[in-house]
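There are 2 protein chains.
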Amino acid sequence: MVVRRPPQAATNTTITSAQTFNAHTKKGTRNVIESGGVGDDDDDVLTNLVEPLWPEDLKHLPYTFNRVSAEESIKMSREFYDKMNERRTIRFFSPDPVPREVIENIIKVAGTAPSGAHTEPWTFVAVCDPEVKQQIRAVVEMEEETNYAKRMGNQWVKDLKFLRTDCVKEYLTMAPWLLLVFKQTYGMLPDGRKRNHYYHEISTAIAGGILLCAIQTAGLATLTSTPLNCGPAIRGILQRPPNEKLLLLMPVGYPAPDATVPDLTRKPLEELMVTV
Amino acid sequence: MVVRRPPQAATNTTITSAQTFNAHTKKGTRNVIESGGVGDDDDDVLTNLVEPLWPEDLKHLPYTFNRVSAEESIKMSREFYDKMNERRTIRFFSPDPVPREVIENIIKVAGTAPSGAHTEPWTFVAVCDPEVKQQIRAVVEMEEETNYAKRMGNQWVKDLKFLRTDCVKEYLTMAPWLLLVFKQTYGMLPDGRKRNHYYHEISTAIAGGILLCAIQTAGLATLTSTPLNCGPAIRGILQRPPNEKLLLLMPVGYPAPDATVPDLTRKPLEELMVTV
Numbered sequence: 001m002v003v004r005r006p007p008q009a010a011t012n013t014t015i016t017s018a019q020t021f022n023a024h025t026k027k028g029t030r031n032v033i034e035s036g037g038v039g040d041d042d043d044d045v046l047t048n049l050v051e052p053l054w055p056e057d058l059k060h061l062p063y064t065f066n067r068v069s070a071e072e073s074i075k076m077s078r079e080f081y082d083k084m085n086e087r088r089t090i091r092f093f094s095p096d097p098v099p100r101e102v103i104e105n106i107i108k109v110a111g112t113a114p115s116g117a118h119t120e121p122w123t124f125v126a127v128c129d130p131e132v133k134q135q136i137r138a139v140v141e142m143e144e145e146t147n148y149a150k151r152m153g154n155q156w157v158k159d160l161k162f163l164r165t166d167c168v169k170e171y172l173t174m175a176p177w178l179l180l181v182f183k184q185t186y187g188m189l190p191d192g193r194k195r196n197h198y199y200h201e202i203s204t205a206i207a208g209g210i211l212l213c214a215i216q217t218a219g220l221a222t223l224t225s226t227p228l229n230c231g232p233a234i235r236g237i238l239q240r241p242p243n244e245k246l247l248l249l250m251p252v253g254y255p256a257p258d259a260t261v262p263d264l265t266r267k268p269l270e271e272l273m274v275t276v
Numbered sequence: 001m002v003v004r005r006p007p008q009a010a011t012n013t014t015i016t017s018a019q020t021f022n023a024h025t026k027k028g029t030r031n032v033i034e035s036g037g038v039g040d041d042d043d044d045v046l047t048n049l050v051e052p053l054w055p056e057d058l059k060h061l062p063y064t065f066n067r068v069s070a071e072e073s074i075k076m077s078r079e080f081y082d083k084m085n086e087r088r089t090i091r092f093f094s095p096d097p098v099p100r101e102v103i104e105n106i107i108k109v110a111g112t113a114p115s116g117a118h119t120e121p122w123t124f125v126a127v128c129d130p131e132v133k134q135q136i137r138a139v140v141e142m143e144e145e146t147n148y149a150k151r152m153g154n155q156w157v158k159d160l161k162f163l164r165t166d167c168v169k170e171y172l173t174m175a176p177w178l179l180l181v182f183k184q185t186y187g188m189l190p191d192g193r194k195r196n197h198y199y200h201e202i203s204t205a206i207a208g209g210i211l212l213c214a215i216q217t218a219g220l221a222t223l224t225s226t227p228l229n230c231g232p233a234i235r236g237i238l239q240r241p242p243n244e245k246l247l248l249l250m251p252v253g254y255p256a257p258d259a260t261v262p263d264l265t266r267k268p269l270e271e272l273m274v275t276v
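The listed protein sequences correspond, in order, to chains A and B.
All residue numbers for the first sequence refer to UniProt numbering, where the first residue is 1 and numbers rise by one.
All residue numbers for the second sequence refer to UniProt numbering, where the first residue is 1 and numbers rise by one.
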C-alpha cells in the first residue's frame with residue numbers, strides 16, 4: 001500500500017474554518033500528551049481549539065497485507081537481526097562521499113514512523129556543506145568542554161571512560177553528511193496559531209530508531225549523539241524555527257578503514273525479554 | 001561483527017570495589033542526562049559514585065565493515081523504504097498465532113539499539129497468556145474512559161476523531177502477542193544502590209523504532225500505543241520492579257482479513273528534509 005499525502009494536508013490549506021475557543025486545557029492541568037511527554041520548559045499547553053489536521057470524516061480503506069508463512073517469517077526476522085547486530089556506533093569516519101539519493105531514501109524511511117494523532121512532528125536536516133559542518137563542530141566542542149569539566153559530574157565522566165572520547169569531535173567534519181533530527185514541539189498554522197504535537201519527543205525518537213535501521217540497511221555507519229546544550233546554537237546556524245528542537249545529531253558515512261570500536265557486548269535475550 | 005556480552009557484565013559481578021562518595025550531582029543541578037531526559041517526577045539524581053558498568057580500560061578492536069558500492073547502497077535503501085512504507089498502524093488483528101521464535105528475534109533486534117553509556121535501559125515483556133492480556137485490556141479500557149472524558153481535552157478528542165477509536169480495545173485480547181516496552185529509569189546494583197541510566201527514555205524510544213522495523217521486516221503488524229496513566233497498574237500485573245516504567249504497548253500479529261486503515265498520507269520528502 002503506497003501512502004500518499006494529499007496536497008491540501010501538506011500545505012495546511014484544510015484549515016479554513018478555524019475558530020478560537022476556550023479549551024479546558026490549562027497550564028495547571030498539562031499532562032504528558034499535551035507537553036509531548038518531555039517536560040521541556042517551554043512546552044506550551046495550547047489553549048485555543050483549532051481544526052484538526054485530518055478531517056473528522058476521513059475515509060477508512062481496506063488494508064492490503066501480503067501474509068508470509070511462519071517459516072518465512074522466522075527466516076526474515078533472523079536475517080534482519082544478523083544485519084542489525086552488525087551495527088556499531090562509529091567515531092572514526094572516512095571522508096568518502098555518500099550519494100545524496102541514499103540520504104534522501106533513509107530520511108524517507110524515517111518519515112514512515114508513527115506519531116501521536118499522525119502529526120509527524122519532525123524535521124531532518126542533512127548537512128553536507130563543509131563550512132556548516134565546521135560551525136556545528138565548533139559549537140559541539142565548546143559545549144563538550146563545559147560538559148566534561150562541569151555539567152556532567154564525576155559519575156558520567158567515569159561511566160563514559162571506556163569509550164575513550166573527549167571534547168575533540170573530528171567525525172563532525174570528517175563524515176560526508178551530518179543528519180540533525182529535530183522534534184517539532186508544536187505545529188504552526190498559517191494564521192500563526194499553534195497546534196498540539198502530541199508525544200513529539202517519543203515519536204521523533206522512534207523515527208530516529210527507524211532512521212538507524214535505514215542507515216544500517218543502506219550499508220552506512222553512524223554515531224547516535226544527543227548534543228547536550230548545543231540545540232539553540234545549532235538551530236541558529238541552520239536557521240530552524242523556534243518550534244524545532246534538536247534531539248539527535250548523527251554523522252553518516254563509511255567507517256574509516258582503521259576505525260575501532262570498544263569491545264562491548266549486548267544483553268543476551270534472557271536479560272532483554274520476559275515472557276508471560 | 002558478532003557482539004557478545006561477557007558473563008561478568010551480564011550478571012553485574014564486575015562491581016567488586018564499589019565505594020560511596022559524595023558526587024557533585026545534587027537535586028538542584030539535575031539535568032537532562034541525569035534524569036534521562038524525560039522530566040519524570042521520580043527520576044532520582046543518584047548521589048553516590050559507583051563503579052562504571054564497563055571497565056575504564058576496556059579494549060578497543062578494529063571494526064570489520066563490508067562496504068558496498070554506491071549503486072548497491074541506493075538499491076538497498078530504496079527497497080527498505082518500499083518495505084517500511086507499507087507499514088500502517090493496525091487496530092484490527094487476526095487471532096492467528098505467531099511463532100515464539102519470531103517474537104524472540106524481533107526483541108533481539110530491538111536490543112541492538114544504542115543507549116547512553118551503553119546502559120541498555122530497557123526491558124521487553126512479551127505477553128501471550130490470554131488471562132494476562134484480558135487484565136491489561138481491562139486496565140487500558142478503564143483509563144481510556146477517563147482519558148476521553150476528562151484528561152485529554154476537547155482538542156485531543158477532536159484531533160483523534162479521524163481514527164474512529166474509542167475506549168474499547170479489542171485488539172489487546174485479539175492479537176496473539178502484546179509487547180510491552182519498559183524503560184529502566186535507573187539500574188540496580190547487587191548491593192541495592194542505584195546506577196544512572198542516561199537518556200533512558202530517548203534510548204528506549206529509539207529501541208522501539210528499531211522494534212517497529214523488525215516487526216515489519218518479519219511480515220507482522222502492530223499498533224504503537226502509549227497507554228496514558230496505565231503504567232503502574234500494568235507494571236503490577238506483570239510484576240515488574242519499580243525502576244521500570246511502561247513506555248509503549250504494542251499488540252503484534254497479523255491484520256484481520258477485513259482490517260481497515262484511515263486514508264492517511266505521509267509528508268513528502270520536501271517537507272521532511274532540509275539540505276544544507
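Think of the hints as simulated: they come from the structure by calculation, not from any bench.
It should be emphasised that the depicted structure is a prediction, and the values quoted were computed from it without experimental measurement.
Heads up, some of the hints might be wrong.
Put simply, identical chains are the same to the list, so a pair is met inside one copy or across any two.
With a straight-line cut-off of 35 angstroms between C-alpha atoms, the simulated DSBU-like cross-links for lysine-lysine are [said to hold, decoys possible]:
id, residue 1, residue 2
1, K194, K75
2, K158, K59
3, K133, K158
4, K75, K158
5, K83, K150
6, K75, K150
7, K133, K150
8, K161, K75
9, K267, K150
10, K75, K133
11, K59, K161
Okay, the hints, checked on the actual structure:
1. When the C-alpha separation of K194 and K75 is checked against a cutoff of 35 angstroms, the pair qualifies neither within a copy, at 46 angstroms, nor between copies, at 40 angstroms.
2. Taking CA atoms no more than 35 angstroms apart as the test, K158 paired with K59 passes between copies only; the shortest distance there is 16 angstroms, against 55 angstroms inside one copy.
3. In this homomeric assembly, K133 and K158 come within 35 angstroms of each other (Cα to Cα) only inside a single copy, at 29 angstroms, whereas the closest approach across copies is 42 angstroms.
4. Taking the shortest Cα distances, K75 and K158 never come within 35 angstroms of each other, neither inside one copy (41 angstroms) nor across copies (43 angstroms).
5. In this homomeric assembly, K83 and K150 never come within 35 angstroms of each other (Cα to Cα): the closest approach is 39 angstroms inside a single copy and 45 angstroms across copies.
6. In this homomeric assembly, K75 and K150 never come within 35 angstroms of each other (Cα to Cα): the closest approach is 49 angstroms inside a single copy and 46 angstroms across copies.
7. Taking the shortest alpha-carbon separations for K133 and K150, only the intra-copy value of 26 angstroms comes in at or below 35 angstroms, while the best inter-copy value is 47 angstroms.
8. In this assembly of identical chains, K161 and K75 lie within 35 angstroms of each other by CA distance neither inside one copy nor across copies; the values are 38 angstroms within and 39 angstroms between.
9. For a Cα distance limit of 35 angstroms, the shortest separation of K267 from K150 inside one copy, 31 angstroms, qualifies, whereas the shortest one across copies, 41 angstroms, does not.
10. For the identical chains of this complex, K75 and K133 are inter-copy neighbours only, at 27 angstroms across copies versus 41 angstroms inside a copy, given an alpha-carbon limit of 35 angstroms.
11. Taking the shortest alpha-carbon separations for K59 and K161, only the inter-copy value of 12 angstroms comes in at or below 35 angstroms, while the best intra-copy value is 54 angstroms.
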